[in-house]
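Construct the complete structure from the given sequences, taking the supplied hints into account.
Residue numbers (our numbering), protein chains in the order written: chain P, 1 to 152; chain S, 153 to 304.
Read the hints as simulated data drawn from the structure, not as lab findings. Hints may contain errors.
Which stretches of chain P does chain S cover? Using the computed rule of at least three CB atoms under 8 Å from a CB of chain S, they are [claimed, not checked]:
id: 1; segment: 10-23
id: 2; segment: 71-79
id: 3; segment: 85-96
Heads up, the beta-carbon is just placed ideally off N, CA and C, and yes, glycines get one too.
2 protein chains.
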Amino acid sequence: MTLFPLYLAICAVPAAAGMLFRPGAWYRGLDKPGWTPPDKLFPVIWAVLYVLMSLAAARVAGQPDNDLALGLWALQITISTLWSAVFFGLHRIRTGAVIIAVLWAAVLATTLAFLRQDMLAALMMTPYLAWGTFALALNISVLRRNPEAMPA
Amino acid sequence: MTLFPLYLAICAVPAAAGMLFRPGAWYRGLDKPGWTPPDKLFPVIWAVLYVLMSLAAARVAGQPDNDLALGLWALQITISTLWSAVFFGLHRIRTGAVIIAVLWAAVLATTLAFLRQDMLAALMMTPYLAWGTFALALNISVLRRNPEAMPA
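And the structure:
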């Protein structure tokens, strides 16, 4: 029996965080670089990433000696739940950047652990790594452009 | 090799959420029942629960066919990360109560799945179930006593 539905259900939690903590007027008022994606694109990107990371975890769940790899997957999804709340909820741009950096490291560790289990599962995690790199660059750019921005 | 440190590290994420989203003046101003624990007690209780749930997960990690059980553990810890942010960050008391109810169900499912793997691991989850029951009752009581409370 595939555990894909369970892993997708876990991804529904950071998705819910993203819906509860919306960008809003504060985000619109920030100085953002020209390469910032339009707001509407973020849910589309995250939906694709959630499906991929859940398929990857489901593949690894079928493997022996997979507890470290799936534990790292759990770590990264928990950190991911925190970011929207901190950035859009607390307006803490620097803390948000720190969280993305830690998340990126956790996703990298998960991907490497998946590589030891199942090549295809590791490949399915690489768009997430690429997106994390982009998101960190965007968060840092917003931080530099808005030095006066105060936490909520 | 025990995975206890990894599961404890995962628990550090909802712990960080609890530190970033503090009670504050809004919470102090709420009408609360006489059986509300003092603020200082919550971190102590959570520290004990995190150690217990991490020890339980580490025991289950040593078992065969444990992917469903550990996946449910990942689900409950992700939901737990969301509560502080929603209650103390958004001041959404009803949504907070819904989240605790969903969390309680996830902890119950985890405990039952652990029971099939390791009796001691399941026993280690029962204080968490008891605390979840109490926390839900407290959240509902605060909801009833503060019908005018507005979201942030």
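Each hint tested on the structure:
1. With 7 residues having a Cβ less than 8 Å from any Cβ of chain S, the segment 10-23 of chain P passes the three-residue criterion, so the hint holds.
2. Judged by the Cβ-Cβ criterion of 8 Å, the segment 71-79 of chain P is covered by chain S as claimed, because 8 of its residues qualify and three suffice.
3. With 6 residues having a Cβ less than 8 Å from any Cβ of chain S, the segment 85-96 of chain P passes the three-residue criterion, so the hint holds.
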